[in-house]
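Turn these sequences into a full structure, and let the hints steer you where they fit.
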Amino acid sequence: MSVDKELVLKISKLSRISIEDDKIDSFIKSFSEILAYIDLLNSASENGLKIKEKRNVHYSIRDDELISKLPIDEVLKNAPRKDGNFFIVKKVIEED
Amino acid sequence: MKRMSIESVAKGFRNKEFLPSEITKILLKNIKKIDSELNTYISLFEESALKNAILFDDDINKGNYKSLIHGVPISLKDIFLVKDELCTCGSRMLSNYISNYNSTVYEKLQYSGAVILGKNNMDEFAMGSSTETSFYGPTLNPWNKDKVPGGSSGGSAAAVSAGLTIASIGTDTGGSIRQPASFCGIVGFKPSYGRISRFGMIAFSSSLDQAGPLVTSVNDAAILLDILSGFDSKDSTSVNLPSTQCYKVLKKGKFAPNNFTLGVPFELLGDGLDEEIRKNFEMLIKSLTNVGFKIKNISLPNAQFAVATYYIIAPSEASSNLSRYDGVRYGFSEDSEDSTLEEFYINNRSKGFGDEVKRRIMLGTYSLSSGYYDAYYLKAIKIKNMIINDFNNAFKGVDCVLTPTSPELPFDIGEKRNDPLKMYLSDILTIPANLAELPSISIPFALSMTNLPIGLQLTGNKLDEEKLLKISSLIEKEVSFDKEP
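Chains as they are written, first to last, in the working numbering: chain A, 1 to 96; chain B, 97 to 581.
Hints in this document: simulated from the structure, not taken from any laboratory.
Everything numeric in this text was worked out from a predicted model, so none of it was measured.
A virtual CB, placed ideally from N, CA and C, is assigned to each residue, including glycine.
Please note that a few of the clues may not be correct.
To be verified - Capping the alpha-carbon separation at 25 angstroms, the derived lysine-lysine pairs in BS3-like fashion look like this:
1. K392/B to K518/B
2. K23/A to K447/B
3. K447/B to K5/A
Unchecked claim - One-sided and incomplete, this derived list gives chain A residues near chain B with beta-carbon spacing under 7 angstroms:
4. S18
5. S30
6. I38
7. L41
8. V89
See below:
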């Protein structure tokens with residue numbers, strides 16, 4: 001799998017992360033090397049893959065009971081922008 | 097003050113040799129003296145630690161002991177939430193984040209009477225093997241300040257090693273407790289997946305993350321496992337078993353080397369292993385045979401795929417876990433009038449995360465993206481199962497698996513900063529235990545010619561921490577490594 005600028009920009013868009021122009025080349029380089037290394041997995045023999053997914057009996061789900069939650073002022077304590085009991089988010093509806 | 101273990105501090109309290117406030121003051125003084133250089137702490141709880149220690153003086157004077165760690169100063173990797181205190185996770189993203197609630201690990205330590213000294217430095221979001229990706233600057237290795245302390249729990253390991261805390265709690269997703277313990281010449285223990293609650297521990301890769309102690313002895317590791325283990329309804333991956341009782345078993349000491357067979361996967365100790373580490377490891381195997389351990393060559397045919405498997409699973413889960421950092425509810429947040437919601441997200445994530453975190457989020461996003469899911473993520477899950485199967489087969493004939501912890505000695509600061517793949521390969525010997533969900537411990541056993549510590553890794557069968565710690569305790573006695581930086 002070849003990694004080019006187009007692919008890196010596509011993944012960065014999907015990840016909601018931008019890469020500075022002067023760092024794109026080093027990202028392409030490290031991505032190529034890492035993905036080439038990961039291709040090692042293609043040489044793994046899948047003969048032994050008839051393993052049944054045994055669910056571990058030690059895990060459990062909790063009872064369906066009402067539990068106490070954080071109070072709203074606590075939840076909003078770190079909010080960069082808030083109004084009353086709400087987080088303020090940027091407007092997502094386009095105007096005509 | 098010479099470095100002390102939990103056991104020796106607890107004994108000192110019981111013999112009225114000193115009090116919690118005295119030990120706490122000495123540690124705080126040492127931190128002030130040398131931590132501006134070593135950089136093992138991100139935040140120090142000076143006031144509350146002293147206040148609590150003075151309260152505990154009274155308990156200790158009266159002989160009211162809540163536990164073996166009552167009055168003992170302990171620190172936490174800065175990934176565990178402590179209500180009303182900063183929790184940065186080594187990132188700019190959380191540089192202003194004040195915890196809204198307590199992690200279960202912190203609550204258990206508090207309930208047992210520990211004095212919490214502060215929060216240790218770490219690689220950003222626990223992604224790294226050198227503690228160089230921390231937004232708060234790298235931690236230096238107390239054995240040689242030009243070397244890294246390992247990572248991601250490098251602040252914890254260096255603080256314990258340098259005598260700046262009695263013990264620290266870290267986390268291990270691919271080796272992040274064991275590798276820094278090895279680099280800093282201390283004991284680091286990752287219990288089985290699910291043994292210690294992860295509630296209030298910031299998530300990186302949820303199918304692999306596990307908390308555990310960084311300490312100066314195997315007995316101390318047992319003491320902390322007994323305190324921190326146990327079912328927690330707030331963590332759905334917490335195993336539904338009672339707390340362990342390993343310390344008592346170790347103290348009784350009714351076990352000997354000839355009770356145990358140790359497996360060594362010689363096939364994994366090939367070209368990539370440092371020659372000096374190999375020599376020391378082979379000498380150790382000889383001396384273990386001499387004292388009565390049975391040694392068996394074992395095969396883990398799929399362990400060679402562990403790093404590649406890990407670098408699909410861990411980034412995939414990270415890309416999902418770290419999608420919550422968007423600048424809306426908490427964390428780094430900048431706003432400008434004319435930006436769209438998407439531009440707002442991108443700006444905050446791009447300025448809040450460092451390069452390694454970005455790289456892993458993007459790797460994970462790629463592995464999970466349309467058209468690649470089967471070839472990457474699904475394939476990796478299959479190979480994870482094959483590795484589990486390999487270990488299950490091995491444990492039919494051996495009691496634990498022995499390797500060096502790290503294929504190399506502590507490396508220079510900056511040496512691998514621009515070579516992520518090389519950095520990833522530092523964890524080649526530790527990652528298999530995370531993928532197979534097994535308990536695994538690193539014990540210091542030798543020094544290199546250049547005076548750097550070398551660690552031995554022992555991996556046990558799932559949820560059988562007791563047997564693993566018994567063997568570790570016997571080997572610890574045999575190697576009697578008592579060097580300090």
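Evaluation of the provided hints:
1. Of the pairs offered as hints, the one joining K392/B and K518/B is violated, with about 31 angstroms between alpha carbons and a cut-off of 25 angstroms exceeded.
2. Restraint check for K23/A and K447/B: satisfied, since their Cα atoms lie roughly 14 angstroms apart, inside the 25 angstroms limit.
3. At most 25 angstroms may separate the alpha-carbon atoms for a hinted pair to count; K447/B and K5/A meet this at roughly 21 angstroms.
4. Proximity of S18/A to chain B holds as hinted, the smallest CB-CB distance being about 5 angstroms (cut-off 7 angstroms).
5. With a cut of 7 angstroms, the hint placing S30/A at the interface with chain B holds, because the nearest CB-to-CB distance is about 5 angstroms.
6. For I38/A, the interface hint holds, since its Cβ comes within 7 angstroms of a Cβ in chain B; the closest pair sits about 5 angstroms apart.
7. For L41/A, the shortest C-beta to C-beta distance to chain B is roughly 5 angstroms, which falls under 7 angstroms, so the interface hint holds.
8. Satisfaction of the interface hint for V89/A is found here, the shortest Cβ-Cβ separation to chain B being roughly 6 angstroms, below the 7 angstroms cut-off.
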